[in-house]
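Enquirer: Chains A and B supply the protein sequences, listed in that same order. With my numbering applied, the first sequence covers 39 to 644. With my numbering applied, the second sequence covers 17 to 418.
Source of the hints: derived by calculation from the structure; they are not laboratory data. Every residue, glycine too, gets a C-beta built ideally from N, C-alpha and C. Please note that a few of the clues may not be correct.
Derived coverage of chain B by chain A (criterion: at least 3 residues anywhere in the stretch with Cβ under 8 Å from a Cβ of chain A; other residues may be distant) [said to hold, decoys possible]:
{"hint": "1", "stretch": "135 to 145"}
{"hint": "2", "stretch": "293 to 303"}
If you anchor each label on the Cβ, the simulated ranges turn out as follows [what the hints assert, rightly or not]:
{"hint": "3", "chain 1": "A", "residue 1": "S222", "chain 2": "B", "residue 2": "E410", "range": "22 to 32 Å"}
{"hint": "4", "chain 1": "B", "residue 1": "G185", "chain 2": "A", "residue 2": "A95", "range": "43 to 53 Å"}
{"hint": "5", "chain 1": "A", "residue 1": "A102", "chain 2": "B", "residue 2": "S379", "range": "57 to 67 Å"}
Below, in silico cross-link-like pairs of lysine-lysine (DSS-like), each with a Cα-Cα straight-line distance of 30 Å or less [unchecked claim]:
{"hint": "6", "chain 1": "B", "residue 1": "K387", "chain 2": "B", "residue 2": "K318"}
{"hint": "7", "chain 1": "B", "residue 1": "K149", "chain 2": "B", "residue 2": "K318"}
{"hint": "8", "chain 1": "B", "residue 1": "K366", "chain 2": "A", "residue 2": "K431"}
{"hint": "9", "chain 1": "B", "residue 1": "K387", "chain 2": "B", "residue 2": "K366"}
{"hint": "10", "chain 1": "B", "residue 1": "K362", "chain 2": "A", "residue 2": "K431"}
Below are the chains, spelled out letter by letter.
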Amino acid sequence: MGEAGRGRVTTLRRWTGRLALPLGFALTLAVLLAIFYYPVGSVLVEAVVRGGRLTVAPLLDVLADPFYTGAAHSLFTDPAGVPAGVLAWVRAGFSPVEFGLFGFTAYQALLSTLASVVVGLPGAYLLARYEFRGRRALRSLTILPFVLPSIMVAVGFLAMFGQTGVLNDVLGWLGLGEVNLLFSLEAIVLAHAFYNAPLVTRLVTAAWETVDARRVETARALGASPLRAFRDVVAPQLLPALLTAALLTFVFTFLSFPIVLALGGLRLATVEVWLYARVQDLALAEAATLGAIETTLSLGLTYLYLRYEARQTSMRGGGASRPRQAFIQGWRTLRDPVRVGLGIYGIPVLILFVGPLASMILESVTGPNGGLTTAYYEFLVRQQAATGAGTVKPLPAITNSLTFGLGTLVLAVPMGIVVSVVAVRGGAGSRLAETIMTAPLAVSGVVVGLGLLQTLVFGTEILGHRIVVSGAVAVVAAHAVAAYPFVTRNVTPALSGLDSRLLDAARSLGASRFRVLVDIELPLIAAAVLAGSAFAFAISIGEFDTTVLLAEGVNSYTMPVALERYIGNRSLGPSLGPATAMGTVLLAVTAASFLVIERLGGRWEP
Amino acid sequence: MQRRRFIRRAGAGVAGLTLLAGCTGSNDGGGSGQNASNSSNASGTDGSEGANGTASGNGTTGGSGTNATNETGTTTGSASSSGTLTVATYSSFTGEDTAGNWLKSAFEAEYADTTVEFVTPENGVNQYIQRAKQGAPIDADVYVGLNTSELVRVSQQLDSALFQSVGDGLDRADTVKDSLRVDPKGRAIPYDTGYISLVYNEEEVQEPQTFESLLESRYEGDLITQNAQQSDPGRAFLLWSIITQGEDGYLDYWEQLVGNGVNVLSDWEPAYQAYMDDEAPMVVSYSTDQVFYHGPDVNMAKHQIGFLNDQGYANPETMALFSDAENPDLARRFMEFVLTENAQSKIAVKNVQFPAVEGVTPSEEFAKYAKEPPEPVTFSYDELAGSVGTWVEEWARLVAGA
């Protein structure tokens, strides 16, 4: 190759370097538009358009209905009468107030968030500050609840916390009275904590591990007590992660749907449960209105949070993290109140997390009369060998799940990083852009599903051709849209914590923004990228609603879809056995994949 | 349970490549099948984007210009009936050892050159209502598994007819039990029925005799039912309570029932699972419960059938022919086949429901364990039309707001 040739290659490389980020941004936006904004928009439009005209009447109808908004409905029916009403209420001695469906939904979300933080925080402390056998495996497994289809979790909860469940057996054995948890608010809150406390643990652990050891040491050297050093140095760095986790938990549990259906019943219905019922009844306009209100609320929260987060990011990274202490120190372990406390904390955590999963596994090998059986696994083998039409086989489900998971990784990780770069760049509008690109987190699954159905699945007429998006590509794109915000939420804090002088130096030496990202920033924040990747993979494995919508039958069903189909399979009697067996397989496959992901990435860990 | 049961367009590919023109009307005897159709019906079925490239080629009859071979022999001479029949149904109707799969093999054995393909959309008939609204192709010939209130929904949501009337044009349609003929317009033909009843554990509770007795304090917290918004047995139980309590009294009744601690779960599966886990000693279920559960080491005390007020609510499952069916002749053959005595016995046993046709005895075992209520009750189509939506919503608001 001559001089000129080499020059051309360099120019090409420089150009790709320059164009890579804008191109990535454009592609991300295009995928979002096609798979998310267009379908969701088509639903929300129904909320504000009647007979081709823009109107707020449907919104007002919902807001003014005491069933939805409780006492607050008079804000919309009789705004002038509100002060008098409040006064009357104060005079009456603050009698209990009805808050309607929205109020109840927010209330249970608040309780669920509190529970998740209370359960999750000590775990983060343990994982970040102590060394013990299996710590890394445990840290990897904190993502596991995330992938479990809620139906499986519900079954586990029934088996664990039910009237005749394992917990009551143990309590009875200890001579304690039995508890009756199911179909109550407590059960819903516990199940939400099961899903979200690990999220709290995971995000806070990651933040805790990046706390710069030197700054803590400096504080201590200057005479600060350990408590004070924690308050002044460590806590401010944990707060953003904690708030991220709490906000995510709140939004998720505000949009909670299958768990409430399975463990609470209609008496504890949330907005999303109601929205789903309206969709089932094809009252789509009312469903769209509810969806619009719900989406506005959660998007608003997301926006407020992102603004807060932007102000909070402080200098991080660069320094060494503090060494972890050994958790077990022989007999002395029992004299340390913190260690003893953490040990005691482990008991309810075991009951809450291991209990339902263990119960599910137990159920998969236990016959209706309590004896051991392999019938449910034999069922899986028979399904695999079956030739009947419409048979859902386990092996294709496993390979599809893994393939889609990898496909999601390939798509979601770059998307997530692109959005992070936008977020970190700062400047006017970047918060708004980030909110717009983070929206998939805050939009209810039912709304997305409905939108996809009416647009891509049925097809859209363009120039006389019906464009139908379905099959594996559509599934992967949808999974990526659901998953990349988690990559972003992991990467953004790490990226913004990097020392900007490093980057400035590189830029001033002529590196493009893309080069800086690839050569300098990403290697420094590999742990965060990896954590985000694990999330993306998890979301893909556990996703059900959209998959079932987009999957082309035999060719693209996944493990959760197979699991759901086995629940309806009555060849072994109306038992959940086949589903628990498939659930156990799902559990094994996903647990193994996460261990692999994290082990592969382990070499980057400090 | 029922995680967002959304739509699934199971990969039936493109059905019926050979289309028979001139068959859209009634079965007008021979001849008309001669001119095999071409494009007009087929346009628009293909998705682009390559995703639909799976157009399964099995069972289709070669080139387009020629007519499909006529293979009848069993029924009186009518147009030809070969090709692919696409049957839309619910997912548990298909798969290994199900009524659907038996029907497929038996029908294909009887009519050579035919293939039965199933599609099982997650949201059932809503899929086709929405497709019709959006102008998307229907891609199916017959729907199997409609109940009365779904038929009402179809009519209320659409201006044009989604299903065509087959009425008395079907052989053996007149043998269907009178109590199950729910559709005055003759679109929906019942093929089996369940009777909603209580299933209770006689070791735990005395059998409640009436709806009123469920309000007694001795039954506090003892009943599990399902959400009438989305569950068949749950809706049937609500409708049954409206029959006994009256349109003006049912909400009062339910307010008291909620006060007495009734659990309203999402669907039959979780409700029954909770019942099996001893969460409560009574559950709303089907009177065929014992057909499923009897056995040497089963405690039958837990599978007692209770007919409140000596009644049971009939929930017939019906089939209907899409107006846009690409293969209406074959579809009619299929529906007739479903009503034959042999098929009725097989469906009853495999789907654990009662036959819809008079005088069919599926098996001795079935006869022994399937309980029929002394007085079957059900709302007719006309009674449900216009009311069922309001009834269910008022009920749901009452329960959710409690």
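Enquirer: Checked against the structure, which of the hints given earlier come out wrong?
Expert: Violated hint: only 7; rest satisfied.
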